[in-house]
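So the protein lines, in turn, are chains A and B. Note that numbering that gives the first Met the number 0 has the first sequence beginning at 0, numbered continuously upward. Note that numbering that gives the first Met the number 0 has the second sequence beginning at 0, numbered continuously upward.
Keep in mind that the hints were calculated from the coordinates and are not lab data. None of the values given here were measured: they were computed from a predicted structure.
Result set (EDC-like, lysine to aspartate or glutamate): computed pairs, CA atoms no more than 16 Å apart in a straight line:
1) A/Lys38 x A/Asp369
2) B/Lys54 x B/Asp251
3) B/Lys54 x B/Glu71
4) B/Lys54 x B/Asp252
5) A/Lys374 x B/Asp28
6) A/Lys38 x B/Glu62
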Amino acid sequence: MPVDAAAPYRTRVRQALADDGLRAALDRATEHLSGRRAKAMAEIDARRLRDEAGAVRRYAIEHLPDLLEQLESNLIANGCQVHWARDASEALGVVLEIARAHHIGDVVKSKSMTTEEIGLNDALERSGIDVVETDLGEFIVQLAGEPPSHIIAPVIHKRVEDIAEIFRRRLDTPHTTDPAELCAAARRELRNEFLNADLGVSGCNFAIAETGTICVVTNEGNGRMVTSLPRVYIAIAGIEKVVRSAEDAVLLWQAASRNATGQAVSVYFSLTSGPRRRGDSDGPEEMHVILLDNGRSRILERGYGDAALCIRCGACINICPVYREIGGHAYGRTPYSGPIGAVLTPLLDYDIHAARDLPFASSLCGACRDVCPVKIDLPRLLLDLRSVVVERKVSTLGERATLRAYATAMRQPAPYRVLVRLAGWLGPLTGLLPPLRTWRRSRSLPRFARKRFGALWHERARGDDESTAG
Amino acid sequence: MIDDPLEARDQILARLRRALSGARSVFRDRSGPSTPPATPTAVTRADGDRRSLAKAFGTKLAEVSGSYEFLEDAAEASERLVQLARAWSADDDGDTEADDAPAIEVLSWAPLALPIENLGPRLKESGISLFVPEDLHDESTRARAARATVGLTGAEAAFAGTGSIVVASGRGKSRAASLLPLRHIVLVPMSRIHPTLEAWLSNLRREQALGSFLRVSGQIVFITGPSKSADIELDLTLGVHGPRLVHALIFDDTW
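Just chain A, with the same shape it has in the complex (with noise of 0.2 Å):
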């Protein structure tokens, strides 16, 4: 049974841990991908990439009002139309705009998370505009009905035998579970698409102030059509992806792409400065940026703005033993799984009680942060998130009392000591009693000794006075 992303935390956690089918994928895909990255970044000197990348993210941030700016001002002086959107009600209140007046009936998007984090198809849908997702892995998952359950991957939770059943149900293929069939099938299908379509969004990887370029990074092309080939053009970019310069976009890119999938660089990156120039064949006669803030100030505010320098390679949802077992899809209706996610969600969602359980999707062993190119300290985050969760006591009212009632326990000796005792004679019941049901079904619980250490230290006291004493 797939994984229900609007089922609860753990009702979604089962789901997937239920699923052979998805882990054996899941296993095998991150294990390639983690393994590619680590060839990729041996090959080079990953530690002065790292601080690099790091410093550009840190310095974007720290000049973040800034740098927006000199964006908007560039992008306008290149032709561009600029519009800010708080929150995603606005930003798909500008795109819908902005179709109406063009009477478009046909998008093609290129893939974005952003996009996917304002819910962006279901807007257009709602208004009786055709959208099609033009990325390979995620066109297999609109057609198939789900959400991408991975930032760089979308698809990875299917078997190629899934993805020909789908083929063969949407578009009328013969079956077959050839890849490269598949793949010429979709070809043929999207390339239609993309003569036909009025209008392209994309998302945007990075936004360069000093001269107003919305860089996309796509191995496909799909990215280059969305930019050149429809009339209007509508780039959707958070407002944390602004960069200094040409020279810093070209530098994360690489990190991005040797992180992301272990190449040197991706196959194109398109550095998309306006619309159509007068003279040129082809190209946009309009392009619009966008400007989404959607929380992302707020994280600032919090003081996450660390997690603002995520360049979204996905580095750390590939080597995240949590992701490995329970994929995208359990971490709930959010683009963003992994630690990333698990750090971003309940940051960028007003609402700390619908991803409340997040944080605690990680062991904290740290292997996220061994891997992030811009060196986010994502444990540290998800302890801070954790804290929050607490504090804000949108943690559950058994567990609060619970735990009040260990603190009073352990301040003061008699009711201390009485505890212990009982622990001593029912400690083989434990199994039975509720919060521990759950823990001992995986895990055994060591024998109580059968005297306290409280008594041992009293027999030996008494032992050693007699000796003093003999």
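Place chain B on chain A using the hints.
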């Protein structure tokens, strides 16, 4: 819907300024403000004379499933271009008699934008015509461009460290030529091959040409090998949306 567009802008900027000027750092990691070098260290390495850079470029391109050939000069490169176009069009038509095949059409940059002089007339003599689209938003032009099986472009620069080329859109330099056809032939004169991305960027920066290079064109694209995807069970597939074949004709223009 935004009632007052400036309100959103000003509010976002004000919030950011407030957060950044506060007593508390916006970061958990308080290692102090960072001052990254204006010129980052080159990630990849490549050095040597023109020929060894050209060789490194070709080798790197081949590593990412592209291909290349060395030609002595521009004349040899254009001859080779004719051979390739003929062979491929025969493949596509299932036609073995290349001689009486219909004229072969290549979706191309304008001859003036290509790094070989007089290429247009020379190809025409060999039965190959260059289709240089004027306006790809025009239905029939777009349909004709979409039928092309070979695209031909030059490159602003090429990089030995990664096997990448960079193309800039502009008058006579369509984006479509390196994007729509299944095969992309790129003409690379040796003088345009640089050691690394960073070396090239810092040259442009020193000549104060970087800003205008990026802004004059609607779009510049770094291309490193053929279009690919590993989305289906990590199985590498070429030619997902862009070209399946990227073939560099590297020739010596430094005589």
